[in-house]
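*Asks:* Protein chains in written order, with numbering that gives the first Met the number 0: chain A, 0 to 399; chain B, 0 to 108.
None of these hints come from the bench; they were simulated from the model.
Don't take each hint at face value.
As the list claims (entries may be wrong) - Reference listing, derived: stretches of chain A covered by chain B, where coverage requires no fewer than 3 residues with Cβ under 8 Å from a Cβ of chain B: (1) 68–74; (2) 254–263.
As the list claims (entries may be wrong) - Below, a sample of chain A positions facing chain B; criterion: calculated Cβ distance under 7 Å: (3) 111; (4) 202; (5) 221; (6) 318.
Stated by the list, open to error - Pairs of lysine to any residue residues, derived as SDA-like cross-links and limited to a Cα-Cα distance of at most 25 Å, are as follows: (7) 342/A - 105/B; (8) 256/A - 80/B; (9) 256/A - 77/B; (10) 342/A - 80/B; (11) 256/A - 97/B; (12) 342/A - 87/B; (13) 31/A - 64/A; (14) 62/B - 22/B; (15) 62/B - 88/B.
It should be emphasised that the depicted structure is a prediction, and the values quoted were computed from it without experimental measurement.
C-beta: ideal position from N, C-alpha, C; glycine also.
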Amino acid sequence: MRRRELLAWLGLSPAALLLGGHAGANANAAAKPIGTGDLGVVVERARGALALVNTSTRSVLAEIGGLGDLSHASVVFSRDGAVAYVFGRDGGLSKVNLLTRQIEARVMQAGNSIGGAISADGTLVAAQNYTPGGIKVFDAGTLAQLADIPARDERGGLSRVVGLADLPGRRFIFSLFDAGQIWIADLSDSGNPQITKLVDAGRQPYDALLTSDGRYYIAGLFGEDGLALVDLWDESPRIRRILSGYGRGEQPLPVFKMPHLRGWAVAGRHAYLPAIGRHEVLVVDTASWLEVDRIPVAGQPVFVMARPDGRQVWVNFAVPDYDRVQVIDTVSRRVVRSLSPGKAVLHMEFTPRSEAVWISARDANHVVVIDTLNFRVLAELDIDAPSGVFFTSRATRMGL
Amino acid sequence: MAPPVFPLLLALSAAGVAAAQEPPTWRRAELVSQVRNDCGSCHGMRLTGGLGPPLTREALADKPVPSLAATIYHGRAGTPMPGWRSLLSEAEAHWIAEQLVSGFPETAK
Ligand code: HEC
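Just chain A, same shape as in the assembly (with noise of 0.2 Å):
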């Protein structure tokens, strides 16, 4: 039998056997070519390990471990959607093939950090630190370091760096939380990156978004009422205070876990925002940028995210009121819908065309997939102590 023969006789084509050859190493490995489209991955926070998941038949393919301390891990995709970059809290950079289910690169690149970005070109992966403060700039192919930008202020201390995102043109922002501002690194030339340093940002700033157009990016600050905006069209960017005083001087609720603001948080024309101690989402024009509404909810929001098609708004909370997500309905601007899908909320992600959220509870150790439209439990996937969910349709975004 010639090769050609043996292989329509096995039922494979050159292409499935090339995924062969590395499932003879990983007995994990798929076994027929597969697309990247509708594959993500579950941090397994306690296990150091990633569940790929499929978001078609709503599955658990296989496990990858060896990933370190993924207490607070975050993703982002390689353009093609087959590559994980993977940022735990203990330093760890690791690069994970989807299809080969192999890490083919791994880097300890700090003493703890927070997260990472890609850039819109696909070639520089950046990871943002806590120790040592700063970021660093990784070849996205190799896991090399091609600079490393410490966030040292006037004062000669490093801050803690929040709230990472790439801009276009091989460009990052990312805000200081201990020196309360927002830099630009402009990685043109990757040997040596240009920055520009917006100061007075405001206090404590401890997270941030890029809108889906990559026209503004907002800074959540922690010691004052208010958030930091800047419009990147501008000419030269400046800083910009929105909502100033929302707490209208009322004493704060305790925080028992700072929100987070990366994520789908606008819908249609307006930005639905996490309020900083006080069990509210606020409502913000991005026409305006002033307050047009602010919601109730069941306690201090931790992800509040919009639907891809804007239509919904979904909100997650901090400990005692983390097994409860809140449904707003953005035409409405009311929560039309209150969930229970486990204890210990952490995470929600849609699928790419809104049809469906999943839903990480870490304490029941599983991941509830819902359908948006009637809210009916589509599947519910045993998981160990699930995390953030990642799918690869971030690979298409900007911001994530």
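Take the given structure of chain A and dock chain B with the ligand to it, following the hints.
*Replies:* Just chain B with the ligand, lined up with the frame of chain A:
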């Protein structure tokens, strides 16, 4: 004539205070997982630090337990460290502080 029970009563109530510092086994298990997970969102699951400082035995070596317990119970104004008094009793905050300075258990014993 008054019966001579006062010393015994005093001894009992002193023991009562000490016992109050030590939460029951089931509660200790809850507290350990609460610290690793909920405090872990700022201090790291391994307590090696994050937005909050490390809470490892080495990091807390020269810090007095009562002041750490007060930080846990009341929080620190002007920083993200919240007061946990709506979720923990003072005795529980004290027990957590004691565990932290002597190296926090992985799981409850
Ligand atoms: C929202 C973030 C956050 C959470 C959640 C949090 N902490 Fe903290 N914690 C901090 C920060 C920030 C500091 C440092 C405060 C300062 O700058 O003085 C701190 C300080 C402390 C300190 C003092 C450390 C020292 O070196 O003096 C202790 C002890 C502590 N936290 C314990 C806890 C415990 C126990 C929990 C859970 C019950 C907890 N923290 C939850 C943010 C947090």
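*Asks:* Tell me the hint numbers this structure goes against, listed in increasing order.
*Replies:* Violated hint (a single one): 4; every other hint is consistent with the structure.
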